[in-house]
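Top line first, the protein sequences correspond to chains Y and F.
So in the working numbering, spot 210 of the first sequence is number 210, and the numbers just go up one at a time.
So in the working numbering, spot 292 of the second sequence is number 292, and the numbers just go up one at a time.
To be clear, the hints were calculated from the coordinates, so they are not data collected in a lab.
There's no promise every hint is true.
Result set (DSS-like, lysine-lysine): computed pairs, CA atoms no more than 27 Å apart in a straight line [unchecked claim]: (1) F:LYS236 with F:LYS413; (2) F:LYS297 with Y:LYS66; (3) Y:LYS66 with F:LYS420; (4) Y:LYS66 with F:LYS218; (5) F:LYS120 with F:LYS297; (6) F:LYS164 with F:LYS177; (7) F:LYS285 with F:LYS177.
Covered stretches of chain F (in silico footprint by chain Y; criterion: 3 or more residues with CB under 8 Å from a CB of chain Y, positions within the stretch not fixed) [claimed, not checked]: (8) 73–85; (9) 186–192; (10) 240–254; (11) 369–381; (12) 415–423.
Just so it is clear, the structure is predicted and the values come from calculations on it, not from any experiment.
For each residue, glycine too, the CB sits at the ideal point set by N, CA and C.
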Amino acid sequence: MTIRSEPFAAVAALPRRSVSIGAWLDRQGVFSWLMMAVPLLFLAGFVGYPFVYGILLSLQDRPVAKAGHFIGLDNFIKDFHDPIFWRVAVNTFVYTGAATLLKMVGGLGLALAMNQDFRMKNLVRALLLLPFIVPTVLSTVAWLWMLDPAFSVVNRLLIGLGLPRPGPSWLGNPALAMFSIIMINTWRGLPFYGITLLAGLQTVPPELYEAATIDGAGGWQRFRYVTLPLLKPIILIVTLFSVIFTFADFQLVYVLTHGGPQNATQLFATYAFDIAMGAGQLGLGASVALTMLPALALLIVALTLYLRRT
Amino acid sequence: MDTTSRREFLKLAGAGAAVAAIGARPAAAQGKSLTVLHESSFIPPFDEYFKTTLAEAYEKETGVRVVYEVTAVGSAPTRISTITETGTGADIAANGLLQVIQFGDKYLDVTDLCGEIGQKNGGWYDAGREAVVVDGQWKAVPFCNIGQLMNWRTDWFAEVGVEKFPETWEELYEIGKKLKAKDHPFGFELGHGFGDNHGWLYPLLWSYGGHEVEADGKTVVIDSNETARAIDFARKFFRDTMFEDVLGWTDVSNNKAWMAEQISCTNNAESILWFAKKNFPDIAKVTDQAQNPAGPKGRFHLMDAISHSIFSFSPVKEEAVAFMSWLMDPKQLGGWYAVAESYYQPTLHAYDNAPMWQVEPRNIPYRDAMATAHLPGWPAPASRQMAESVAKYVVVDMFAKACAGTSTKEVIKNAEAQLKEIYKSA
Numbered sequence: 001m002t003i004r005s006e007p008f009a010a011v012a013a014l015p016r017r018s019v020s021i022g023a024w025l026d027r028q029g030v031f032s033w034l035m036m037a038v039p040l041l042f043l044a045g046f047v048g049y050p051f052v053y054g055i056l057l058s059l060q061d062r063p064v065a066k067a068g069h070f071i072g073l074d075n076f077i078k079d080f081h082d083p084i085f086w087r088v089a090v091n092t093f094v095y096t097g098a099a100t101l102l103k104m105v106g107g108l109g110l111a112l113a114m115n116q117d118f119r120m121k122n123l124v125r126a127l128l129l130l131p132f133i134v135p136t137v138l139s140t141v142a143w144l145w146m147l148d149p150a151f152s153v154v155n156r157l158l159i160g161l162g163l164p165r166p167g168p169s170w171l172g173n174p175a176l177a178m179f180s181i182i183m184i185n186t187w188r189g190l191p192f193y194g195i196t197l198l199a200g201l202q203t204v205p206p207e208l209y210e211a212a213t214i215d216g217a218g219g220w221q222r223f224r225y226v227t228l229p230l231l232k233p234i235i236l237i238v239t240l241f242s243v244i245f246t247f248a249d250f251q252l253v254y255v256l257t258h259g260g261p262q263n264a265t266q267l268f269a270t271y272a273f274d275i276a277m278g279a280g281q282l283g284l285g286a287s288v289a290l291t292m293l294p295a296l297a298l299l300i301v302a303l304t305l306y307l308r309r310t
Numbered sequence: 001m002d003t004t005s006r007r008e009f010l011k012l013a014g015a016g017a018a019v020a021a022i023g024a025r026p027a028a029a030q031g032k033s034l035t036v037l038h039e040s041s042f043i044p045p046f047d048e049y050f051k052t053t054l055a056e057a058y059e060k061e062t063g064v065r066v067v068y069e070v071t072a073v074g075s076a077p078t079r080i081s082t083i084t085e086t087g088t089g090a091d092i093a094a095n096g097l098l099q100v101i102q103f104g105d106k107y108l109d110v111t112d113l114c115g116e117i118g119q120k121n122g123g124w125y126d127a128g129r130e131a132v133v134v135d136g137q138w139k140a141v142p143f144c145n146i147g148q149l150m151n152w153r154t155d156w157f158a159e160v161g162v163e164k165f166p167e168t169w170e171e172l173y174e175i176g177k178k179l180k181a182k183d184h185p186f187g188f189e190l191g192h193g194f195g196d197n198h199g200w201l202y203p204l205l206w207s208y209g210g211h212e213v214e215a216d217g218k219t220v221v222i223d224s225n226e227t228a229r230a231i232d233f234a235r236k237f238f239r240d241t242m243f244e245d246v247l248g249w250t251d252v253s254n255n256k257a258w259m260a261e262q263i264s265c266t267n268n269a270e271s272i273l274w275f276a277k278k279n280f281p282d283i284a285k286v287t288d289q290a291q292n293p294a295g296p297k298g299r300f301h302l303m304d305a306i307s308h309s310i311f312s313f314s315p316v317k318e319e320a321v322a323f324m325s326w327l328m329d330p331k332q333l334g335g336w337y338a339v340a341e342s343y344y345q346p347t348l349h350a351y352d353n354a355p356m357w358q359v360e361p362r363n364i365p366y367r368d369a370m371a372t373a374h375l376p377g378w379p380a381p382a383s384r385q386m387a388e389s390v391a392k393y394v395v396v397d398m399f400a401k402a403c404a405g406t407s408t409k410e411v412i413k414n415a416e417a418q419l420k421e422i423y424k425s426a
């Protein structure tokens, strides 16, 4: 973090008593640390402490309501011998990869469409945020009904189009269940991408488009050589956030399938919860949750480095 | 660790009994209060009865105020977990199936109190004892079972010539085939719910002679011919009587399907009939209930017990013991059971012929099922390994994968690998 020093230097030059709290506070080193103290304490208390506690838990055999004892990496070894753990790892990567890609492409399309001039533009933009605003649990319950074979509006439509009754089993078939949670996550996360990229699009100076047009660039070329390079930093940042949220997703799966059928939709977060809260094995649950960390940390470091470089 | 010694407990219980016996307001009890934590009941009058009738009567008799704290369905484990980790909160908690094992260390040993209650009330059902005894100590006072039994449509069964629910799984299978052909399939949960999946799959496994572990609670014995036969049966039962969606069902799904008249037979608690009577009387008229069918090795049910525990760190332990002793007296307990009709099936034999069973005779099979009910890890005693196996859906997914097409050999191999890893720590 860099701090502009001119104002402080100017204040320091004023005549004053040499030893006073005011002067001490005005010193750049002290003042900047003071300003940072509150957020640092906040981070240490609400992020640092749970994080360190989580790491300590993962190294213990710690049943709920009982004292824990240190067992080193045994929990992680137990995880690696657990076939479900590997299933969960694959599920989480497939879910995150597919949903993020869909959200990125869809979000970009949405932003480009919303960047056009049309009537009631602002109202439409506001309405687009709805899936993101509605509490996840509520919208997921609505999806639960929409995908239910007996009441499914989706299946009714498909049967109307000629599919045999009762239609696809969206939550009973393992592949379709994964497909369903990816689609619902995309539906929910698309507005976040769309609106953020729209904000980015609006910062692109119109002169660049004019210049490109004069140089003979068509619509695709203007998008490829003007819009995309300028949007890239924003796309990367949104992707970073989206990957973190999607990777650690919990509510959607917990409400819709609870990880079923046969763990086909079980993700790291839901599996860790089942083990920690369902089975009461806090240490083992923490170890499952922590295995998310290396993958996410690598991604964050890689993206940050890339952003710095560009 | 629970630091209350047996001697201390006797003192507490003695004092409690004295308070209850005297019935007057002892000066020490004046102004004291204790909190009882319960998950919100599916039967609203049940919670209401405690708050208005029981709590008020107790305060009048003893001067001790009893606060009935209701927590949302499914949130009790998290709440109890917080209370035990922080050492403050309620004084008495209603446990679900797994909490007695998980939190036993923080619960008062109530062996003597339970002995007394059992003696006065015709004795406990074995299943009641099985649900609360941890390492030889009663860590909770059994309250009831919420049985999982067969719910069936009498009108559709009659269409294929069946007037009485079949005795065996094989007979049920034959009926299911005919009903599916008539567009009245069965619907048994094979997904990741909390109760309706375990409710029929463990009993099915046992009725063919299969088990997770030996009675020693260590030796994994899931890989057996008996388990294989149970799985082979489940596969054809699923294929020929049900539809694919049940693989993804959670606990609400079969209730929805029942009220939508989509299925002709399922496995559920009494709530399905209770709800139908209140909201879909026409469906209720053609709904009946029966014990689980028998397999080659007998008939079994799953014990889904609720019990009350006293936190060992409670500052009002003495009052809590006295209150439990008072609550478990037929005068109080009988009334409380009665308001919920028979949704909560008593674990004491004194209630075998109570008037509550006559309110809805279709619920009587739930009473009879208690004699053959067990915890998921049976014949091993309750253990944290059993809790882990349940939370990881080992048995449920073993059956579900087979139904979805995986070979019997492979699903057993997977389940065995998981169970061996889980029971390694036993």
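Each hint tested on the structure:
no., hint, verdict
1, F:LYS236 with F:LYS413, "holds (20 Å)"
2, F:LYS297 with Y:LYS66, "violated (38 Å)"
3, Y:LYS66 with F:LYS420, "holds (23 Å)"
4, Y:LYS66 with F:LYS218, "holds (21 Å)"
5, F:LYS120 with F:LYS297, "violated (34 Å)"
6, F:LYS164 with F:LYS177, "holds (17 Å)"
7, F:LYS285 with F:LYS177, "holds (24 Å)"
8, 73–85, "holds (count 5)"
9, 186–192, "holds (count 3)"
10, 240–254, "holds (count 9)"
11, 369–381, "violated (count 0)"
12, 415–423, "holds (count 3)"
Going down the numbered hints, you'll see the structure goes against 2, 5, 11, while the others check out.
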